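Colleague: With these hints in hand, go ahead and build the complete structure from the sequences.
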Amino acid sequence: MMLKNIRRNLIGSLVIVLGTMVLVPVVIFVWSILAFLDAATDEKSKNFKGIVTERWRLPSQMPFAYAASLSDGAASKPGDVKPEDSMTWQFYGGTLDPEKRTRENSLFAIATEPRKLCTMMDELDTLPPEEAAKLDEAIQEMERNRQAIIMGQDRLAAVNKRVGERIKLYGINYRDLDLELEIVGTFPEGRYDNTAAINRDYLLAALDAYERQTGKPHPLADKTLNLVWLRVPDSEAFAQVAGQILASPNYTSPAVKFETAASGIASFLDAYRDLIWGMRWLLAPALLFTLALVISNAISISVRERQTELAVLKVLGFRPWQIMVLVLGEASLVGLLAGLCSAGATFATVNLVFGGFKFPIAFFGAFFIPAEALAWGVGVGLLTALLGSVMPAWTASRIRVSEVFAKVA
Amino acid sequence: MLKDLTLNVPEGDFLGLMGPSGSGKTTLLNLIAGLDKPSEGQVWVGDERISSMTESQLARWRTRHVGFIFQFYHLMPVLTAYENVELPLLLLPLSARQRRDQVLTALDLVGLSDRIRHRPGQLSGGQQQRVGIARAIVTDPTLIVADEPTGDLDARSADEILDLLDELRRSLHKTILLVTHDPRAAQRADRVLHLEKGQLVEQPEVLHEAAGARS
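As they're listed, the protein sequences go chains A and B.
Its first residue numbered 914, the first sequence is counted upward by one per residue in the numbering used here.
Its first residue numbered 1000, the second sequence is counted upward by one per residue in the numbering used here.
Among these hints, one or two may not hold up.
[What the hints assert, rightly or not] The list that follows gives simulated cross-link-like pairs (lysine-lysine, DSBU-like), each with its CA atoms no further than 35 angstroms apart: (1) A:K1170 <-> A:K917; (2) A:K917 <-> B:K1196; (3) B:K1036 <-> B:K1196; (4) A:K1047 <-> A:K917; (5) A:K1320 <-> B:K1002; (6) A:K1320 <-> B:K1036.
[Unchecked claim] Anything over 10 angstroms on all C-beta distances counts as not near chain A; from chain B, calculated: (7) V1008; (8) P1037; (9) V1042; (10) R1063; (11) H1117; (12) D1146; (13) D1165; (14) R1168; (15) R1169; (16) R1183; (17) R1190.
I should point out that these hints are in silico values taken from the structure, not numbers from a laboratory.
Bear in mind the structure is a predicted one, so any value in this text is a computation, not a measurement.
Cβ atoms here follow ideal geometry from the backbone N, Cα and C, with glycine treated the same way.
Modeller: Okay, here's the thing in structure tokens:
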């Protein structure tokens, strides 16, 4: 009877379906971003990466002279712990057109050791064999040709270039430091769609060349090192390396700190704290509340229209709780199915058709809908349907038969 | 609404209730069927004091003991005739096969075996009322309560329904309470009670007419 009533009350059911299908994707978007950020800021206990940054400035601008010793975790005496692996980052922003700089003709590149791209970069160190082989080919080319650049696919499309072409980047943060690069490959689709990587040796050589040509060092020559990543096996090793760096006299001007990647990301996200808080505690609940209200309204109308039928059910012997279950069941079924369909459609459209959705928060590029979103959709659809239909269901169970039939008479 | 009212209905009796609008007929019916509770006094059906039952207990009691026939049939429009008649049986611990047997028996008794898959919208008024009657008797209740069962029917359909009620009373020996404005319907009853401003008045002349008609 539930299914037949749903079909019969088509407009009411449609209202619930439409409301769910519009609001569930928005909730999924919000939760996908929050889930990703939560995962990024979640502390791990084993095999995690730490970041060395400037203690008092963000973004960090450390001298490159720090790189070698920091890569060893400031280990200086027997018994000191060295990291298992390390990676330096220098950020270079450049544009293809200095006269008319736009978002599309600009890019942000990470200058690093090419080999570290596949050993230290999140997700690039765990690629499937085919993608790993492709990236490795590009890395090998970058090792042979220090003027090589590997680009994210979206960024490549935005600047309207292809693999094999040459580009000239005019420095944005490194004023008057222009780089001529050859595109040798792309990152796999996903997290690095809007990123690029270049060989740090080329950037360092360009800084040297600048000094030779102008007779003075580039203003950023001694501030070129932005991040140092260190991989440690466990939290004990992390604590030891942190102690070594803190105790070392080599990092005083500027002072540095060593924190977990999660903590580092969390610090970086501090600027977005209010936005994230608003998304988590205002936007998502507001959406759920709105959907529940829409459903409540639709179900209330349906209950009012079916008062006589519900009264007849009571006469036949249906107990109040059974009437309540009938109303709750109808709404829940519609909400559940609509939520599932909506979540499935969102997952397929965003991930497979659009390759993620762009939400420019911090340095993160595209966000993807996780597989858990299917459960979220079902949960949101079901929960809001239940919440929205509780009051109308209660009203239905409290129908006074004699009053209903007196009105009918 | 009802004042100082005492009424005994022997088992197997066919009792008619008449009276002007607002006299309390439906209220009395609702009390007997367990749809309302008296503000004072008691209501006994068989050896059960229904006036002291909770709402849930009353619902359970009604399923087993009361068959209600409505003036406007009140069938579920989304269900077929079969499914409408089956509704009360869903509340009883019966297997699907048992339910099927009882539904088909009830529909056969009212002469609608060939309409089991029809929805109310596909049935005439008389046929819908027959489905209503089948639904009322399918649980083999102690008491059948009919509130103006012919009120929405033409004369011919009304007669058919009344003939059916007569037949059911004879074959199933049910106690029937009939509220009606229709004197022809009232004539079918063993006795007729008249309600005036919430009080009962028995009308012997109606009883004699009914006896005369049967003989």
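Colleague: Are the hints correct? Go through all of them and say.
Modeller: Tested hints:
no.	hint	result
1	A:K1170 <-> A:K917	violated, 65 angstroms
2	A:K917 <-> B:K1196	violated, 44 angstroms
3	B:K1036 <-> B:K1196	holds, 19 angstroms
4	A:K1047 <-> A:K917	violated, 55 angstroms
5	A:K1320 <-> B:K1002	holds, 23 angstroms
6	A:K1320 <-> B:K1036	holds, 19 angstroms
7	V1008	holds, 19 angstroms
8	P1037	holds, 12 angstroms
9	V1042	holds, 14 angstroms
10	R1063	violated, 8 angstroms
11	H1117	holds, 15 angstroms
12	D1146	violated, 8 angstroms
13	D1165	holds, 24 angstroms
14	R1168	holds, 21 angstroms
15	R1169	holds, 25 angstroms
16	R1183	holds, 21 angstroms
17	R1190	holds, 24 angstroms
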